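Number of protein chains: 2
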Amino acid sequence: MRNIRIILEYDGTNYHGWQYQKNALTIQEVVKKAVEKITAEKINLIGASRTDTGVHAYYQVANFKSKTKIPAEKIPYAINSLLPRDITVVEAEDVEQDFHSRYSSKGKRYRYVILNRKFSSPIMRNYCWHINYKLDVERMKEAANFLIGTHDFSAFKASGSNVKNSIRTVKEAVLNKDKDIITFEIEADGFLYNMVRIIVGTLVDIGCHKIEPYMIKNILESKNRNLAGKTSPPQGLYLLKIFYVNSL
Amino acid sequence: MRNIRIILEYDGTNYHGWQYQKNALTIQEVVKKAVEKITAEKINLIGASRTDTGVHAYYQVANFKSKTKIPAEKIPYAINSLLPRDITVVEAEDVEQDFHSRYSSKGKRYRYVILNRKFSSPIMRNYCWHINYKLDVERMKEAANFLIGTHDFSAFKASGSNVKNSIRTVKEAVLNKDKDIITFEIEADGFLYNMVRIIVGTLVDIGCHKIEPYMIKNILESKNRNLAGKTSPPQGLYLLKIFYVNSL
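So the sequence lines, in the order shown, correspond to chains A and B. Everything in the first sequence is counted per full-length UniProt numbering, starting at 1 for the first residue and increasing by one. Everything in the second sequence is counted per full-length UniProt numbering, starting at 1 for the first residue and increasing by one.
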């Protein structure tokens, strides 16, 4: 039995996120069906990240066990021939038996894109959060620095999610502004449910002078979801990279 | 009677181009209907550029005569409230009676985006031309230089288009590569039908060593459409700017 890892890029606009749902179209379902067709087997497709409705991925990782004889380098072409244009396999390789897309992951990197101008953008409408009031990026940068390091991120976790351990280590949290586009990138050993989107919502509260940059420290310490900002919309979020011990 | 100029941004994916057609949805029709609704008048909406099906605009200019009392700065909000998310008015102002979006134009600038990598991109699928063989950007840059200046661009004009004068002056023609994205920008006092897309098709022939960079000179001199490359697909093309004597 082979264990095959694939790297996917997708536009999340038209899907109810990654994970299989009974009554809604998801990316996992579409890819799984394509893989089952080319392998002529029932397969279990394990994804590294359960991206939400509308969230995009430049780099999602998934793996499946299969007896297929298709060489790894041909697998992307085979699967892509059955995929819609908004999902593409960009890489495939044979990996060790114990590789698991989610459990073997050592970290992830996300990007969040904000368009900060008066009017929304038709071209970017599904690919950013449009904010029409002026954001002070210097304040947001200052605040982002407080995220770096090992913290309990309970305040930045969707209420209702019950993971045992809310401690995560943020390696990088950087903001950049280019004309009217603000890009936030964050890398950590793992993320809680909605963590990036709640962080961005909080940074925006700081950027518009609702709260002070240092408050992000207090919010972290409070472990209280109600003190953080609102969850930013999904279409500005991109899964950028997933890290593994023996990879890249 | 006021003469009102509006600046539009749009995603051309879902439209049969700018110009009104009897049996197909166009951007002109959608915008005109919105303007007629807010002014409660029949209006004539004059667009500066007849962008094709699938072509995008960051900056399209249009004007219309109207007796409306809506102040110019409120007009974008009024029109946008009736427009779909893929078309947005980003500016409106009162201009002189003799201003005509098309005839008063002194020049235009276009961008063309090529994605040069093995697999197509789900996220950029409607916003670039995907080319999966390696392009030599240095060769393309060299070739682009031959376009600058005043030339007869008959060879770069869609066959069947019969303008009287095919002489245009190209002010700038620059290529840039950032990772796997190649961006071409061209500015001229005017463009022939499909001129940018035929130029890009020809530059790609040069980038993949089909013809030599200097050949673009010979093609210009030949005035023969058959010697130039094929017309590149529309979704990589963006109308970036339109210039007027008294503006910007």
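Since the hints were made in silico from the structure, they are not lab data. Be aware that a few hints might be false.
The calculated BS3-like cross-link candidates involving lysine-lysine, where the alpha carbons are at most 27 Å apart (straight line), are [claimed, not checked]: (1) B:Lys37 x A:Lys106; (2) A:Lys134 x B:Lys74; (3) B:Lys74 x A:Lys171; (4) A:Lys179 x B:Lys177.
Owing to the predicted nature of the structure, the values given are computational and were not obtained by experimental measurement.
Verification of the hints:
1. B:Lys37 x A:Lys106: Given pair Lys37 of chain B, Lys106 of chain A is violated - Cα atoms ~56 Å apart, limit 27 Å.
2. A:Lys134 x B:Lys74: holds, 19 Å
3. B:Lys74 x A:Lys171: Outside the cut-off at roughly 46 Å; violated.
4. A:Lys179 x B:Lys177: holds, 19 Å
This entry does not satisfy hints 1, 3, going by the numbered hints stated previously.
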